[in-house]
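S.K.: Input sequences plus hints: build the corresponding full structure.
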Amino acid sequence: MAVTEARPRAGSPSPQTGTKAGPTRFRRKKPAGWWLPFVLIAPAVVFEILIHVTPMLVGIWMSFIKLTKFFIANWSAAPAAGLSNYHLALDVNGALGASLLNSFLITCAFTIIVVGVSWLFGMAGAVVLQRSFRGRALFRTLFLVPYAIPVYAGIIAWKFMFQRDTGAINHFLADNLHLISATDKPFWLIGDNAFTAVVVVAIWRTWPFAFLMLMAGLQSIPEEVYEASAVDGARPFRQWRSITVPMLGPVNRVLVLVMFLWTFNDFNTPYILFGGAQPPSGDLISFHIYSASFLTLNFGFGSAMSVLLLLFLLLVTGTYLFILNRRSRNA
Amino acid sequence: MKIRTIAAVATVAAVLVATAACSSGGTSSTSSSGTAGKTLTYWASNQGTSIANDTAVLTPELAKFKKQTGITVKLEVIGWNDLQTRIQTAVTSGQAPDVVNIGNTWATSLQATGAFMPYGSSEMTAIGGASKFATTALSTGGAPGQTVTSVPLYGLVYGLYYNKKMFSDAGLTPPTTWEEMVADGKKLTNASTGVNGLAIAAGSYTENAHFAFINAAQNNASLFNKAGKPTFTSAGVVDGIKRYLDLMQTDKVSPVADAQYDNATQSTSDFANGKAAMIINQSNADGTINAAGMTSDQYGVVPLPAPSGGKKVASFIAGINLSVFKNTKNKTGALEFVKFMTSAAEQGVLDKPYSALPVLKGVTPTFTTNTAEAKTFSDIYNNMSQPLPLVPAEDQFESTVGKAMNALFATIATGGTVSTSDIKTALQTAQDQVTATMG
Amino acid sequence: MRETLGSKWFRAVVLVILGVFTAVPLYVMITSALKPLGDVQNNFTWWPTHFTMQPFIDIWSTVPLGQYFVNSLIVSGISTVLSVLIAIFASYAVSRYRFKGRGIFTTTVLSTQMFPGVLFLLPLYLIFININQTFGIQLAGTRTGLIITYLTFSLPFAIWMLAGYLDNIPKELDEAARVDGSSAMGVLFRVILPVARPGLIAVAIYCFMTSWGEVLFASVLTTQDSRTLAVGLGGYSTETNVYWNQIMAASLVVSIPVVVGFLLLQRNFVAGLTAGSVK
Chain A
1 MAVTEARPRA GSPSPQTGTK AGPTRFRRKK PAGWWLPFVL IAPAVVFEIL IHVTPMLVGI
61 WMSFIKLTKF FIANWSAAPA AGLSNYHLAL DVNGALGASL LNSFLITCAF TIIVVGVSWL
121 FGMAGAVVLQ RSFRGRALFR TLFLVPYAIP VYAGIIAWKF MFQRDTGAIN HFLADNLHLI
181 SATDKPFWLI GDNAFTAVVV VAIWRTWPFA FLMLMAGLQS IPEEVYEASA VDGARPFRQW
241 RSITVPMLGP VNRVLVLVMF LWTFNDFNTP YILFGGAQPP SGDLISFHIY SASFLTLNFG
301 FGSAMSVLLL LFLLLVTGTY LFILNRRSRN A
Chain B
332 MKIRTIAAVA TVAAVLVATA ACSSGGTSST SSSGTAGKTL TYWASNQGTS IANDTAVLTP
392 ELAKFKKQTG ITVKLEVIGW NDLQTRIQTA VTSGQAPDVV NIGNTWATSL QATGAFMPYG
452 SSEMTAIGGA SKFATTALST GGAPGQTVTS VPLYGLVYGL YYNKKMFSDA GLTPPTTWEE
512 MVADGKKLTN ASTGVNGLAI AAGSYTENAH FAFINAAQNN ASLFNKAGKP TFTSAGVVDG
572 IKRYLDLMQT DKVSPVADAQ YDNATQSTSD FANGKAAMII NQSNADGTIN AAGMTSDQYG
632 VVPLPAPSGG KKVASFIAGI NLSVFKNTKN KTGALEFVKF MTSAAEQGVL DKPYSALPVL
692 KGVTPTFTTN TAEAKTFSDI YNNMSQPLPL VPAEDQFEST VGKAMNALFA TIATGGTVST
752 SDIKTALQTA QDQVTATMG
Chain C
771 MRETLGSKWF RAVVLVILGV FTAVPLYVMI TSALKPLGDV QNNFTWWPTH FTMQPFIDIW
831 STVPLGQYFV NSLIVSGIST VLSVLIAIFA SYAVSRYRFK GRGIFTTTVL STQMFPGVLF
891 LLPLYLIFIN INQTFGIQLA GTRTGLIITY LTFSLPFAIW MLAGYLDNIP KELDEAARVD
951 GSSAMGVLFR VILPVARPGL IAVAIYCFMT SWGEVLFASV LTTQDSRTLA VGLGGYSTET
1011 NVYWNQIMAA SLVVSIPVVV GFLLLQRNFV AGLTAGSVK
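One line per chain: the protein sequences are A, B and C, in this order. Each residue of the first sequence is one higher than the one before, counting from 1 in our numbering. Each residue of the second sequence is one higher than the one before, counting from 332 in our numbering. Each residue of the third sequence is one higher than the one before, counting from 771 in our numbering.
Read the hints as simulated data drawn from the structure, not as lab findings. One or more hints might be untrue.
What the hints assert, rightly or not - What the simulated footprint calls covered on chain B by chain C, stretch by stretch (three residues with Cβ under 8 Å from a Cβ of chain C suffice, anywhere in the stretch; the number is not a length): (1) 407-419; (2) 593-605; (3) 690-700.
As the list claims (entries may be wrong) - Non-contacting residues of chain B with respect to chain C, defined by C-beta distances greater than 10 Å in every case (computed): (4) Glu392; (5) Pro449; (6) Gly451; (7) Pro475; (8) Leu503; (9) Glu510; (10) Thr520; (11) Ala566; (12) Gln580; (13) Pro636; (14) Ser639; (15) Lys683; (16) Asp710; (17) Met715.
Note that beta-carbon positions come from the ideal geometry of N, C-alpha and C, so glycine has one too.
M.R.: Quick look at the structure:
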């Protein structure tokens, strides 16, 4: 896919590699069409600059000024903060730094579990629906429903189910299964269980996306490949390992990366599930930053934390792509 | 390609500079309303049963205002989830309505932004004079010693609601001290019928912060010192918070289930449905209680009692204030509108659907036909309430201390114990967080 | 090809687990929408003890749901169309041309997915205000502003995804058409896009859902007139009550058209599959 393939070409200093792919189209004698790709990407570039790049640069600049409530109505008067916002965020012995670190670690655990399970679910769902059987369309639709429902609706339904005394989960565990005592039902939205709750809800919302992407990817694998391997006596699991997974490689690489980024930056799930106050065990980083910025009007500090988050994500993504590229080059 | 890169960088830089210029010029930029003098934009907070309900309540009043002055008011009712964010973006960008409702606890924090018009003497005269407002009500308008940037619109205070039948069945009279309240709560708590003594919204950080303040004030302890620095860990504050937490922990008059009530409506429903004998709530709980089928003669209201020997503080001065954005194009009209909304006639009309107390001197409450209840709330509002700390860091107090209390309640609810030193540690963290950003 | 017993069992187990996990919240949503408010606030029951359709009537008056719905449809629909179109052009360039700046472009597009929304929410708002003051185009608080915001949100992933699909389409197809005298655009629209239809549909679904569910930006960038469903549904929990049954009813009502849309589009997935056009 574009992402993974673009890297070696972009990183390569040799101009020949760049032009190798299409010598007929890129002849120097034929300058008539040289502008075409630029025109093609121009609309995308304009919107990215307007909505993503510029605001981000402004955001980075905000992190270097003391943009507290005393100055938000008049930014030019905000004194330069130098690196003090960053000092506050990174000083893990201070109260603010310690809570940021805690939030960061929780978010890491949250992301790993959510992305891992969502991928597994998505893969399992896509593989079992690959072959036609009665009711396949029904399941395919059902699995996509969590993705089709407005985020708010889906999460609020879970919030309703996670209520301690009036919720479906405790009713099921205590009154139907009698696994737990009906008089001592657990809390799901406060205390340590809140982490479980937010993970479950995030998986519910995320896995249909993995399912959708993998299902679309599976359709590009020709049936004959499976038939040929079946003739060779390959069992389904071996087929999956030797055909499905490698053929889905490009889809997987992007899928895992975007799920990682979205999950790490997830704001909606904790915001809707917990309301204004996230319990310490569900203190995801996006919401943590939002609280600092909007609830206490300290946008300078909030931006500094956002920039640190951005740097971390850049580092992870860079490493991820680097490893993948080296592996594909070595292979 | 080089040129292209340079061009791209230049574009980014240009937009960046323009943005910076915009933001710095924010205060002088225009408001979004149309022809000066003839229109106003008004952001109202959600006070009624729904946003649609608010629109229905306010629209006829705005028509009345148009008839009197010829000014059209463009109304937008904003839910509480969005209001704070919307006000902040308005403050930051300068693209703002002319008149806005704010929770009065934000008054000092928002005053610090400098985005609101101060009600100086000429502005005060234009809205009918500072003397028309009840003294307590006006004290929430901004930091002491500074010109207020908001004036009161709807007054609210906490009262202790009790179920009359449950009390008389148990042969009890309404409590006059905190200890009595706890003792009554214990008597009325009955696991077999599922009735609890006192329902609290222990999962709402704003409610928790309010009770941190009230309980500390009963101990005569304050949350900020004269210099505006937080003093959350002082003995009086810690003890006050412990007293409130103990309602669930040691007294067990509040059920552990309350730890996840992130909204006062949940505890109010419990009260209205006969699952709780008492609640501590603001007067606008009446709407919810009545809607659930409990009539006003079935419950009584007394001031939230202080512990014996403590200071008789029953509430903080809650309510909604009105502010005018500094960059309004129609200041005269905006002041005209503030005058209209805070007039005795409008107070009489609007206090009823919103179960609010009048913010004016010598005006009788209209929100209930129950005269005893009206009298109690008036008395609490005017004589037994203190404003929340009038310092710019008030919002940080609510957020940090309130959330710390949420976590402490969660610990209690999930079977843990919270000692005085645990509370002190949690409050130290909250205090450090507030201090660090003051730096 | 015969199916082994093991894979049948595997399929059954997977379908049961995923089916229950997916369906239970939906079931709770449906049954709760049919309960009166008092029952919803009381102990949970799997089956309503008192059936009522009242929530489905009340939802329209508690909150201007119809208007939010129209707003959401307009915003999501237009931003999807624009985003797919822009992504088609960009991904075609990335997939078929080796131009200078291609690496920078793909990398930048990728990195935009890392920006935490909170970091650029406020700056974006300021830029919108600034555009209004400079050019007189009102973006903050309007559907237009939301459309261009959302189309940009979905653009990066749409570009990668499409570029991936286009990469899989053999270049010989282009060249054959070129030999026949087609222009670059002719090749794109007449040869490549029809083949890439399943991919296009997947991308369109993604774009639509990105706009359909976004909460944070919508809460700041909309006013009452331009509010979308994603934030509008929050209106059912008010100062005085949380109307759980109405939240569930409204969620159902607004979800039905989208789910139906999914159902219809499924045929296209299948069509793309059976045609065997993607190799």
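S.K.: Decide, holds or violated, for the assertion that all CB atoms of chain C are farther than 10 Å from the CB of Pro636 (chain B).
M.R.: Given that every Cβ of chain C is farther than 10 Å from that of Pro636 (chain B), nearest at about 26 Å, it holds.
S.K.: The output says Leu503 (chain B) does not contact chain C. Does that hold with a beta carbon cutoff of 10 Å?
M.R.: holds, 27 Å
S.K.: A cut-off of 10 Å on Cβ-Cβ distance, and Gln580 (chain B) was said to be off the interface with chain C. Does that hold?
M.R.: holds, 26 Å
S.K.: Decide, holds or violated, for the assertion that all CB atoms of chain C are farther than 10 Å from the CB of Ser639 (chain B).
M.R.: Correct as stated: the minimum Cβ-Cβ distance to chain C is 34 Å, above 10 Å.
S.K.: With a cut-off of 8 Å between beta carbons, are at least three residues of the region 593-605 of chain B near chain C?
M.R.: With 5 residues closer than 8 Å to chain C, the region 593-605 of chain B meets the three-residue bar; holds.
S.K.: If I take the minimum Cβ distance from Gly451 (chain B) to any residue of chain C, is it greater than 10 Å?
M.R.: Holds, because the least Cβ-Cβ distance between Gly451 (chain B) and chain C comes to about 28 Å, which exceeds 10 Å.
S.K.: Since Thr520 (chain B) was said not to touch the interface, does its Cβ keep a gap of more than 10 Å from each Cβ of chain C?
M.R.: For Thr520 (chain B), whose nearest Cβ neighbour in chain C is about 19 Å away, the distance exceeds 10 Å, so it holds.
S.K.: When you look at the beta carbon of Pro449 (chain B), is every beta carbon of chain C farther off than 10 Å?
M.R.: Holds, since 24 Å exceeds 10 Å.
S.K.: Three residues or more, CB to CB closer than 8 Å: is that satisfied between the region 407-419 of chain B and chain C?
M.R.: It holds, with 9 qualifying residues against the three required.
S.K.: Beyond 10 Å on every Cβ pair: is that true for Lys683 (chain B) relative to chain C?
M.R.: holds, 14 Å
S.K.: Per the stated criterion, does the least C-beta distance between Pro475 (chain B) and chain C lie above 10 Å, as a non-interface residue requires?
M.R.: holds, 29 Å
S.K.: Looking at Asp710 (chain B) again, its CB stays over 10 Å from all of chain C?
M.R.: holds, 24 Å
Violated hint for the displayed structure: number 3, the only one.
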